[in-house]
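**Student:** Taking the hints into account, I'd like the entire structure generated from these sequences.
Protein chains: 2
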Amino acid sequence: MDVVPPALARLIEDLHRLPGIGRKTATRLALHILRRPAAEARDLARDLVDLHGAIHLCRNCFAFSEKDPCVICGDPGRDPALVCVVEEPADLMAIEKTGAFKGQYHLLHGVLSPMDGIGPEEIRIGALLSRVKKGTVAEVLIATSSTVPGEATAAYLISRLQGMQVKVTRLACGIPMGMDIKYADDVTLARAIESRMDTGKP
Amino acid sequence: MDVVPPALARLIEDLHRLPGIGRKTATRLALHILRRPAAEARDLARDLVDLHGAIHLCRNCFAFSEKDPCVICGDPGRDPALVCVVEEPADLMAIEKTGAFKGQYHLLHGVLSPMDGIGPEEIRIGALLSRVKKGTVAEVLIATSSTVPGEATAAYLISRLQGMQVKVTRLACGIPMGMDIKYADDVTLARAIESRMDTGKP
Numbered sequence: 006m007d008v009v010p011p012a013l014a015r016l017i018e019d020l021h022r023l024p025g026i027g028r029k030t031a032t033r034l035a036l037h038i039l040r041r042p043a044a045e046a047r048d049l050a051r052d053l054v055d056l057h058g059a060i061h062l063c064r065n066c067f068a069f070s071e072k073d074p075c076v077i078c079g080d081p082g083r084d085p086a087l088v089c090v091v092e093e094p095a096d097l098m099a100i101e102k103t104g105a106f107k108g109q110y111h112l113l114h115g116v117l118s119p120m121d122g123i124g125p126e127e128i129r130i131g132a133l134l135s136r137v138k139k140g141t142v143a144e145v146l147i148a149t150s151s152t153v154p155g156e157a158t159a160a161y162l163i164s165r166l167q168g169m170q171v172k173v174t175r176l177a178c179g180i181p182m183g184m185d186i187k188y189a190d191d192v193t194l195a196r197a198i199e200s201r202m203d204t205g206k207p
Numbered sequence: 006m007d008v009v010p011p012a013l014a015r016l017i018e019d020l021h022r023l024p025g026i027g028r029k030t031a032t033r034l035a036l037h038i039l040r041r042p043a044a045e046a047r048d049l050a051r052d053l054v055d056l057h058g059a060i061h062l063c064r065n066c067f068a069f070s071e072k073d074p075c076v077i078c079g080d081p082g083r084d085p086a087l088v089c090v091v092e093e094p095a096d097l098m099a100i101e102k103t104g105a106f107k108g109q110y111h112l113l114h115g116v117l118s119p120m121d122g123i124g125p126e127e128i129r130i131g132a133l134l135s136r137v138k139k140g141t142v143a144e145v146l147i148a149t150s151s152t153v154p155g156e157a158t159a160a161y162l163i164s165r166l167q168g169m170q171v172k173v174t175r176l177a178c179g180i181p182m183g184m185d186i187k188y189a190d191d192v193t194l195a196r197a198i199e200s201r202m203d204t205g206k207p
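Residue numbers (the numbering used here), protein chains in the order written: chain V, 6 to 207; chain S, 6 to 207.
Note that these hints are calculated values from the structure, not bench results. Any given hint might turn out to be false.
Treat identical chains as interchangeable: a pair holds within one or across any two.
Unchecked claim - 30 Å max Cα-Cα, derived DSS-like pairs, lysine-lysine:
hint, residue 1, residue 2
1, Lys139, Lys172
2, Lys102, Lys29
3, Lys72, Lys29
4, Lys107, Lys139
5, Lys107, Lys138
6, Lys107, Lys29
7, Lys102, Lys72
8, Lys29, Lys138
9, Lys72, Lys139
10, Lys72, Lys138
**Tutor:** This is the structure we're talking about:
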């Protein structure tokens with residue numbers, strides 16, 4: 006006999022489906038929500054429902070945004086000639102938090118991973134190349150994570166940008182090998198942005 | 006300038022309010038939900054809204070349940086003369102998972118904590134005493150956690166049950182001091198139920 010009421014079991018299953026949430030944590034969260042006032046659960050539910058309706062991809066940089074272009078691409082104080090390529094929104098947030106970057110972004114929403122069927126077409130590399138071909142971009146700062154797929158993606162980007170009239174830079178050494186950039190501390194990340202390296206191409 | 010879209014920021018705040026969910030984890034979860042199909046967010050939202058409406062407290066044992074009495078109190082195979090007192094629903098779930106207990110429960114939904122203003126009236130001790138006074142309960146098995154407030158609550162219960170025509174037992178030694186019972190492994194917990202100790206009262 007299952008002693009967990011079905012409505013509670015369904016919520017536990019939903020929460021357990023989220024990344025990094027085990028069954029015990031999901032149970033603890035669901036019981037907490039049940040003990041708190043119903044209004045709090047309704048607030049969370051409303052914000053969940055609103056999320057996908059309110060947020061879209063910026064047509065220029067593919068960041069999640071309620072506006073198109075996004076607040077960064079639409080800001081005249083940001084330099085459109087400097088484009089920072091990141092894997093995902095959390096990376097963008099980590100870089101913005103340092104305040105060390107005044108250009109625009111390009112979000113790949115992934116990394117090259119041939120084993121998982123993720124090729125250049127899946128991660129918006131074509132859109133980046135089109136953006137560079139328009140001639141308004143002077144420098145592409147590649148800020149993929151220093152993981153194996155992140156490095157492979159960076160190497161692929163460098164090869165594709167070779168020969169185009171654009172400077173290609175990378176975040177400076179200082180980020181430990183194997184560390185995901187969204188977990189780097191602000192000071193390390195700011196220093197890596199300031200001392201970004203030239204790849205020697207073109 | 007805040008680069009997190011407001012709809013995303015609201016969801017991050019909601020998730021950050023849950024216990025054990027820091028801001029980075031909340032951000033990671035919210036971005037995951039945003040990347041997944043909108044239908045999954047709607048499912049989670051629906052289950053959150055349904056939760057409080059569907060689940061109530063069993064009038065006999067105060068367990069969360071969609072039925073009243075709950076599935077345990079309504080099961081003729083469970084012995085109403087044996088009542089296990091637990092702090093919270095997660096403890097009940099942990100005991101049920103062992104399959105070693107065939108009686109009914111009484112949920113306190115808390116422990117005595119005078120510093121937080123939690124006295125006997127706040128944790129349904131009166132309802133337990135009323136249940137015992139009806140004369141149908143032969144044994145009360147106290148299964149509060151072996152933490153300081155859990156032990157204090159057990160001691161208070163033993164003193165209040167003293168003199169009533171009921172056997173008072175506790176979970177056997179075997180659970181390490183300071184461990185919350187919902188994190189004990191099944192075998193240890195089952196053994197503790199089987200070899201429960203008599204407190205010598207009455």
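**Student:** Determine which of the earlier numbered hints do not hold for this structure and return their numbers in increasing order.
**Tutor:** When the structure is compared with the hints, only number 8 turns out to be violated.
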